[in-house]
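Build the full structure now, drawing on both the sequences and the hints.
Quick note, the sequences are listed as chains A and B, same order. My numbering numbers the first residue of the first sequence as 1 and each following residue consecutively. My numbering numbers the first residue of the second sequence as 1001 and each following residue consecutively.
Rather than coming from a laboratory, the hints here were simulated on the basis of the structure.
Negatives, chain A to chain B, calculated, CB over 10 Å:
1. 6
2. 14
3. 29
4. 34
5. 37
6. 54
7. 75
8. 76
9. 78
10. 84
11. 94
12. 103
13. 142
These stretches of chain B come out as covered by chain A in the derived footprint (C-beta under 8 Å, 3 or more residues):
14. 1115–1124
15. 1130–1139
Computed from the model, here is a short list of chain A residues facing chain B with C-beta under 8 Å:
16. 161
17. 165
18. 166
19. 167
20. 169
This one's a predicted model, so the numbers in the text were calculated from it and none came from an experiment. For glycine and all other residues, C-beta sits at the position ideal for the given N, C-alpha and C.
Each chain, written out:
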Amino acid sequence: MNLTLPTLPDGRVLQVLRAPSHVLSAAGLTVDPAEPSVVQLCADLVATMRVSPGCVGLAASQVGVSAQAFSVDVSGHPKTRTTHGLIVLVNPEIVEASRNEKAREGCMSVPDLTGDVKRATKITVAGQLPLSGERVLITTDAFEARALQHEIDHCDGMLFLDRVIGAHAVYPRKVYLQPRDAEGG
Amino acid sequence: MTSLAITVVGHDRPGIIAQAADALSRCGMNLEDSSMTLLRGHFAMTLICAGEADAAQIEAALQPLVNDSLDVTVREVPEEPDLPPLGSTYLVTVHGADRLGIVARLASVIAEAGGNITDLTTRLSGTLYVLLAEVDLPRSADVTALQARLAAVSAELGVETSMRLLENDQL
Chain A
1 MNLTLPTLPD GRVLQVLRAP SHVLSAAGLT VDPAEPSVVQ LCADLVATMR
51 VSPGCVGLAA SQVGVSAQAF SVDVSGHPKT RTTHGLIVLV NPEIVEASRN
101 EKAREGCMSV PDLTGDVKRA TKITVAGQLP LSGERVLITT DAFEARALQH
151 EIDHCDGMLF LDRVIGAHAV YPRKVYLQPR DAEGG
Chain B
1001 MTSLAITVVG HDRPGIIAQA ADALSRCGMN LEDSSMTLLR GHFAMTLICA
1051 GEADAAQIEA ALQPLVNDSL DVTVREVPEE PDLPPLGSTY LVTVHGADRL
1101 GIVARLASVI AEAGGNITDL TTRLSGTLYV LLAEVDLPRS ADVTALQARL
1151 AAVSAELGVE TSMRLLENDQ L
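Right, here's the structure in full:
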């Protein structure tokens, strides 16, 4: 079921930072979801995610803002089971996670590498909607669960590189993604 | 029975592995543990093989690769026991802006703590440097102190470092 989001203002397309960057490695600040600059940031994240080839999620740190906010949309992706459509959350946290599985991830901020990461395939995430500040719980699985965990990691200043499963679990990227084709964030 | 350590490094092209493995097989050498990969576009093969041939015979058998502008080394090695780690295995991940000395400084910290690096890979991707190391730590090692020391040296180097127990699911 799709998440009902408040209507956000028009978003601007921002430049996506690449590692190494200190903002990407710093834990984001807790922010007020009703604060106009935070609402605009959320709209900008959506706009930037929408125009970025293969991008299914984007966090504030990736556009240079140290804040706990991200957008995700995995609808239409072949690895998706449950989807909530466009998700935009502020101050997110994982409240439940189970059933770990390994999969290969990429990230717009680490564009030339991919890595094997073990993540929960069933999760419940809590967070606030931008503008209204309404607290929501999202329970999901599979690819959406992975995308949410990847973005929440960004909010905590972590990259997939911090979570890879072994010394041989990082690979040079061989396939670059086409619009709406696959993962990242 | 002899054990030989062989390295093949050079310009990559299709067929290097096939050619090397075929030469070893014809000499009755069993290819045991190996690592064969591309390092910044260079093909790099390191392997241990065992059989009845000696180093000179294998060098001669691999001569076509040398003629093909690859560097080949062959030397006899004693058999080493393949012991399981005595303590726990940790994964150290490091990423940050490339600079001289990241591996040297962090590997020294690990060695000073009695850690044995059993597997290490690095990647330079643009200006991003990534280091992944699997480290066996003896039971006597002070894990918290090592993590603190790694964090301190990483801060000096301006890189992000994490060290966590390597998951090993027994099925």
